[in-house]
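Peer 1: Residue numbers (the working numbering), protein chains in the order written: chain B, 1 to 331; chain P, 1001 to 1282; chain X, 2001 to 2257.
Hint data in this document are derived by calculation from the structure and do not stem from the laboratory.
Just so you know, these numbers come straight off a predicted model, no measurement behind them.
Among the hints, erroneous ones may be present.
According to the in silico footprint, chain X covers these stretches of chain B (three or more CB under 8 Å from chain X) [what the hints assert, rightly or not]:
(1) 203-213
(2) 219-227
(3) 263-275
For every residue, glycine included, the Cβ atom is placed at its ideal position computed from N, Cα and C.
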Amino acid sequence: MTTGRAARGLSIALIALAAAAAVRLLAVRTLDGAVELGFPGGAIGDIRLSCVLVAATAGGVLGAAGWILQALLRNPLASPFVLGVTGGAGTGVAVAAVLAALAGAAAPGPVAMVVPSAIGAVGALAAVVALGRRNGAIDPLSLVLAGVIVGTVAAGLTTVAESLLPPDRRGLLAGWLFGRIPEAPDRALLAACAAAALALAGAGAVLGPRLDAATLSDDEARSVGINLGRLRTSLFVACGVATAMTVALCGPVAFIGLVAPHCARGLVGAGSRAGVPTAAACGAALLVAADALRQWIDLGAGRLPLGAVTAVLGGIAFLVLLRRTAAGWFA
Amino acid sequence: MVGPARSIIASVALAAVLAAVLGCGRTARTSKHATNAGPRIVSLSPAITHTLEALGAGGNVVGCTPWCGLAGVPTVGSLEDRNAEAILALHPNLLVRQGDQPDPALDPPLTAAGAAIRGWRLNSVADVLRCVNGLGATLQALGAPAARPAADRIAMAHWDAVSAQVQTRAPVVFLFGTDPAAAFGAGTYLDGLWTAMGGANAVTAEGYPTLGAEDLLRMQPAAVVVVTAAPVEAPLPPWLASMRSVHVLVAPELLEPSARMLVDGPAALRRFDALASAGASK
Amino acid sequence: MSALCYESPVLRVGGFAFEPGEVRPHPGRVTVLLGPNGGGKTTALRLAAGLAVPGSGRVALGGVAVHAMRPPERARAVAMVVQRPQVSAPFTALEVVALGAAAAGAGPCSAGEALRAVGLSGRAGVPFAQMSGGEQQRVAVARAFHQHRPGGVLLLDEAFAAVDPPEAASIVAAVRIRAAAGATVLAATHDLALASALADDAWFVTGGRTAAFGPAIDLLAPAVLGAFLGVKVTAATGARGPVAAADLADRLQAESP
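Here chain B stands alone, though its shape is the one from the complex (with noise of 0.2 Å):
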């Protein structure tokens, strides 16, 4: 793999994102079925940059957080939702609707909805970083199994909290768990998210090699010289804290995490000196080509919820990939 492969991979995921962002700011199909072209400025075109830059960060955060897991954990079905986050995140969110409706308070908006979702996920993730050691330092294959019991102890939670809502209430529940990108995000928490894909993408380019040694078995990582321990507890908190953040701005968007990663493998090869940063970009450009595109599907009861866009795209993209670069992967 040269530098030349990967600036000219990198150079495509840019150029895809910035395609669908065109996409996304200058055409849309309007309710009634009418397409309007160009950029309409005023409130409408705040709204629609502030949708591009919400998509944007949300999906590098995924991209190179899916990627580094997905290296980490040696398993290319890895997304930064097998830590656990997501549960946490949504338990989080429940609960809170929850004391909301007891307490007669109105249901908590998307804003909100932040700082519980936020608790929750890093509750979460510190349960499975601290379940998933043997031998007192963190495993692959614990970290894997404790996501699991973590997540399935928090999705049994959040049904325990979402049936004593009132029933006008479980519909915003249930919205939250496909995840949007807000119209009316909270300043510092995109700020804070897109500082954290720009580190994570950063963090990758610089520990590229490490990461990499990183897939061999533990001997010989370690043979190799690195330090495994220092490695994966500290970008497991890093790529668990970035998801949180992202799961609080956006909810939990499907997906994304799991197919930017082989996307970028298909254009600038499996080293993640160039990764890392290819699946950020890949992964800004496949959120917010899915923002764009229910902007286009009118299925006659309003806007199609996000999460059901990227869950049936990602799917059919994810097969394709598969069966395209299941060759390298196994004997």
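We have chain B already, so just place chains P and X on it with the hints.
Peer 2: Showing chains P and X alone in chain B's frame:
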């Protein structure tokens, strides 16, 4: 041979004692609520419960959902997760719920015990009127004669309330959620009230569509009305607050397809209409 | 030239105790580790690589305990080929070899040269996952060559088990070159013929203890080797000296019905 036989007899005896104790408790509870003669109603819908109260049959409700707001009445779950055993143990002679889907687990034993089961769709004004009239007739047949005239009075009050026309004729959007924006679409009960009073609904899609902020801004409605049950402390999203004419209407009677909505809903809408035509915007 | 020294390390894992005592493999010479499975050959190599930490005693390199060195520094001094190389990402053979420099930086032998030394220069772009077991082993050896510095330690754990004789021969030659340049080489193997070709010294390990350590000329003599391994050993005359082979005919005859 002796040992196992003895332990089997002991377990059976223990089970019998437990059953007797529990059975006693249950009979006590049911007899406490058999105060009114006449209908014994289990309601799986808070809206229908409130309609029953408006018909004067609130005291006949022996089982309801946790959100019906009836003190002292045992809860039996809601439509999706109703506790069939608890419902049957209350020996109701009427079960009311929203929707016309049969419940294969609950309906047969209830019908076998002689209870009537009634379900109504509660989407449009016509649906709710049908529910009110249907309840009036059913309750009368079950020994509550006052329900029929009460139902008629509700219907007349409703027609009275919607007869005076509003001044705001330009299309208006009514939201029950702000982020995402969830609107009352065509054919819903609020749409029915507003159009009966001469108004126009800017949202032509049916049901309760979710609108993007952009869609709402593009619609350029004459006004956006956010209907809430309680005064809202949290600020509106900035893109919503910046729209030409936004009103927050505190009207819990508009958020429930019940008799109260039929009778008091139009007055709440008129409150908004007065503000809108006075040119004020909150 | 830093000397590798086993200073009576004791490692207990489960019910097994590894106590080799004082052993000093010589720099510039290839020491072959021989012994039954489970006797401690891999443990000896893992201790030298700092992958296992002894409960008492230590393995020192130039006077510094190996397990106490910082990982990149240790990787510059010690390069290891494990028994079963595994790669969990779709890297090509060349990329896998380049991983040897991930933390330690590259040694004087480039990744391309290392692949040439193991006879795989034509397969540099092939995905590692699609290679045969023998080829994958050779890639792992190439990675160790890429990581290795002159005068450092080279550890080979059953590195030739799946490799065909012609390729094994070229790897042996490459190892000998590095030994001649001052490397301390420890190689564990079951292959007696290979041991004879490779060894300057022999280290017999069984039951976690050192049974013998000395020049190959003495220890790989048929009688001595046969007594240690418990089978009859014959020796053909090779270019460098006797080439040992286990003669199982006696055993088979004794055990046939």
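Peer 1: Each of the hints needs a verdict: does it hold here or not?
Peer 2: For each hint, the structure was consulted:
no. : hint    : in the structure
1   : 203-213 : holds (count 4)
2   : 219-227 : holds (count 8)
3   : 263-275 : holds (count 4)
Checked against the numbered hints given earlier, the structure satisfies every one of them.
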